[in-house]
Every structure is written in structure tokens, then in C-alpha cells.
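Here are the chains, one letter per residue:
There are 2 protein chains.
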Amino acid sequence: MIKVVIIGAGNVAMHLYQSFSEEKQIDVIQVFNRNKDHLDFVKDPELRVSNIDNIKDADLYLIAIRDEAIEELATKLNVTNGIVVHTSGSQHMKALSRFENFGVFYPLQTFSKNKSVDFKEIPICLEANSQKNLDILKHVASLVSEKNFEVNSEQRRALHLSAVFVNNFSNHLFALADDYCRENDLPFEILRPLIKETVSKIETLNPYSAQTGPALRNDQKTISAHLDLLDEDRKKIYTILTESIQKLHGKEL
Amino acid sequence: MIKVVIIGAGNVAMHLYQSFSEEKQIDVIQVFNRNKDHLDFVKDPELRVSNIDNIKDADLYLIAIRDEAIEELATKLNVTNGIVVHTSGSQHMKALSRFENFGVFYPLQTFSKNKSVDFKEIPICLEANSQKNLDILKHVASLVSEKNFEVNSEQRRALHLSAVFVNNFSNHLFALADDYCRENDLPFEILRPLIKETVSKIETLNPYSAQTGPALRNDQKTISAHLDLLDEDRKKIYTILTESIQKLHGKEL
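Those protein sequence lines, which keep their order, are chains R and H. Position one of the first sequence corresponds to residue 1 (our numbering), numbered consecutively onward. Position one of the second sequence corresponds to residue 1 (our numbering), numbered consecutively onward.
In case anyone wonders, no lab produced these hints; they're calculated from the structure. Certain hints may be false.
One copy or two, it doesn't matter: identical chains are merged, so the pair holds either way.
Okay, derived cross-link-like pairs now, DSS-like style, lysine-lysine, Cα gap no bigger than 25 Å in a straight line [stated by the list, open to error]: (1) K247 to K235; (2) K236 to K76; (3) K138 to K196; (4) K236 to K247; (5) K147 to K132; (6) K24 to K138; (7) K76 to K221; (8) K56 to K94; (9) K221 to K94; (10) K56 to K3; (11) K36 to K147; (12) K247 to K221.
Please model the complete structure; the sequences and the hints are all you need to start from.
This is how it looks when you write it as C-alpha cells:
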């Protein structure tokens, strides 16, 4: 049995807890958070810890807290043998270099409190301070997910930034369209099949080849008709993304 | 049997042909294109027509050609009784006002030559010059799709513009991330589950509530770390979308 302590009570900690608890070869022995009230998701109350000095010996410590709080927490955590990892996309592995065994266990996914995700599908990005520790992390990752990747700190930062583009920014485009539909008495529902197909398409095509639309066709008539319909803020976004599509596809405005 | 003539040989015409041909209550009697070579997708060669004067009497004429070509084609098309519709998101219904019975049959989806789509799932946006014609279009639409909506020309234009945001622009964000991953020796594969979840999330949440990320959290440290990693063009896109997220969610930069 691999003994695991989870540190944190946010969305990532909660989803890690749920997925790790279901795995027979893993024993989640404790979940730590300064405020015990946020640990309701931990079924057995005896596993909830709010005093950092009461954290027990474990094989793996998963730190799933806000980026800014990681280094400070690390100074307070007493660990003898286990591997200490954080789960952040943007923090360098070195944030944990005061430990003998350390690394990163970054699940690349967007987690929400009220939406379950299939952890098996989530790519786990791994990094460790030694090959031995990396092998252990790979083993643990393989128990909870079908996909793991060795990713160094610079690459992980690039991934985290890419995630902002594909997740945060796309979702914002959906939100802008939702607003715009509402202004025009249209249900956002009408757009859902298109959004679904946008993603389904890139399962077989790369995004470059999947591109369509007035920007790609350099259809100036449609582009200027669209710009006429938009307010200043949306016009800026429309223009900059249209230019970027044309630049990527080698067209001049 | 509803007799249908399809005009055009592009992606929309091809997908309409495929879906309409499968429906027992519809008889696709002809598919017209000036250049017959592009009509290979029409199984029966006798249905292929390249001379507009040879178009037969039908109940419905579906014009699925480039926006700019619709009005000119309309002047050459001889129709006695049938309803003439175009399938464009951005053209006004009036482009067909020289006919007695006219309207719009706009399938809101992105079509590619080599990717089949489930037409039943595609929302069909309908408009007609009379209630009677609208009812006929609704009936035809219900034969090929489970979803149809009555949408006037102004709303349709707004939908078409929304489609650019949710489809063209999101896909471009995926393309930018793909490029950026490649520059960092990362496979785009790692991002696919995240992209899938981005869309899966908005099946249960509205996009406003589904928003996450450094812009929403107003996490200036991460935002400036990200900006430091980006070239000028990507930096512009990152900045404008970050500002837009913060504006929509009532945060000041």
C-alpha cells in the first residue's frame, strides 16, 4: 500500500482525494487543511487534520494549495522519507528543494466543485529530483490515470499557459457569444452542437487544418459586416483574432 | 414525396445532399453546379446538372453556394411554384425576394469535406416570406434534424457572428496552443482532455459560471509570468482576452 497525505481543500485536493481513495493500492492516510471546516469532502472525519505537526509519515505528500502558499507551507512540513510533490502548473519544482525527495504531480485539467471528472482520462505531468523518485511517481500516476507524461518545469509552465488559451480563453469566447445571443433574443442552446463539433473536429484534424471562416477565406465583406455589428470591446477581440488567423495562415490583411 | 433540388457543390451542399438523400419522404431530384466535375458526391450521375435551364420543377430549391453568388444565381433560376431558400448565415432573406415563395434554411454547423456530421443534431434556422412557407420549411427541417428554430435575418446574422467566436476563434486558440506546445517539445495530445472538458463543462454550467483561471482570480503574478513567456502577437491576444474576462466579471485591472 502506498501511503498518501493530501494537503489542501480546494478543487484539485478534493478531486485528488476522490480518485486516490478509490484506488486499492493507495491508502490516503490524511488530508490536511488549516481550516477543518473545508474538509467535509473527506468521508472519515479521523483522516481530517488541521494541525500540520500531526501529519504522519507517508510515502507521498501531495500539496494541492494556492501557488503563492506552497513555499511557506513547505517550510512547516516535517517529512523524513516520503516524496513531497506539488500539483501546480506554474510553480517550479525547486519550490520544494528543501526536501530530500521532491517533485511535481500536475494533473492537467480544469476542476470544479460540483462537476465530477473521469480522473483516468486526465494527463498527469510528472517531474522529480531523481530517476528513482520519478519512477515512483509514474507508478502512482498509473494507478489513477491512463496517461502520464514526463514534463520539466519550463515545459510545465508552457503547458499551463497553453491551458489558459484552450480553456480559459475559449470559455470566455463562449461567454461573449452567450451574451451576444441574449442581446439578440437567441438561446445559447443553438450554438452548443457547433461548439461540440469544433472540439470533435480536432480529434481527427489538427487545429491548423480544422480552421474555417471569414478570416481564413479573407472574406473582407463578411468581416466588415461583422465589425459593424460589434461594440468597441468585442470589435477589438474580433480584429486581433482575425489578424492572428490570417497571419498564421500566411494571408495579408 | 417532397421534391428537392440542391444548388451548389461545396461542403454545405454535399452534407445537405447526403442527409436529404437518406430521408424517405424526400426525393432529391437534382443537384446543380456549373462545373459537373465537383458533383462526384452525387451517386446517380443522372441527377447531376450543370445547365441551369435544365433544372426541373421542385417543391424546394436549396441554394448552398458562396454568399456573393446567391443574388446573381437567383436571377437565372426559373421557378414556378416551389420555395427557394438559401443556406447562408449572413445573407438577408430578401436576396431571394424575386421569387414568389422564398426563405432561409440555415444549418448552424461547421462542415468539412472529409468529416461526417450527424445532421439530426444540427440546429436548422428557418425564415420564410409567409406562414405557409415557414410551415413547409419546418416540416422539411424536422425530417432531417431534431432541432429547428425560427430565426429572422437580423438574428441569423448575430448567430453567424457568434459562430465565428465559438468556432473559428476558439479553433484558432487551439492552433496557437498547438504551435506553442510544439515550440516547447510538448505533444498537443496532452491538451485534448482539457479541451474536451472545457466543452463538457458548459453542458451543465453557463460559460459565465464555468470561467476559471488567472484572469478571473485577478492573479497578477501568474498573468505577468505568462506575458513574459509570449511573443508580441500572442501577448496582445493574451492581454485583450484577460482584460475582457475581467471586465465581464466586474474586476478592474
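These are the hints, each one checked on the structure:
1. K247 to K235: Cα proximity of K247 and K235: in one copy and across copies (18 Å, 15 Å).
2. K236 to K76: Classified as neither; 47 Å inside a copy, 40 Å across copies.
3. K138 to K196: Between copies, since 24 Å is at most 25 Å while 32 Å is not.
4. K236 to K247: both (16 Å within a copy, 14 Å between copies)
5. K147 to K132: Within one copy only: 19 Å inside, 56 Å across.
6. K24 to K138: Intra 17 Å, inter 55 Å, cutoff 25 Å: intra-copy only.
7. K76 to K221: Between. Shortest inter-copy distance 23 Å satisfies the 25 Å Cα cut-off; intra-copy 62 Å does not.
8. K56 to K94: within (23 Å within a copy, 75 Å between copies)
9. K221 to K94: between (53 Å within a copy, 18 Å between copies)
10. K56 to K3: Close inside one copy (10 Å), not across copies (76 Å); limit 25 Å.
11. K36 to K147: neither (32 Å within a copy, 49 Å between copies)
12. K247 to K221: Answer is within; shortest intra-copy Cα gap is 19 Å, inter-copy 30 Å.
In this structure, the hints that do not hold are numbers 2, 11, in rising order.
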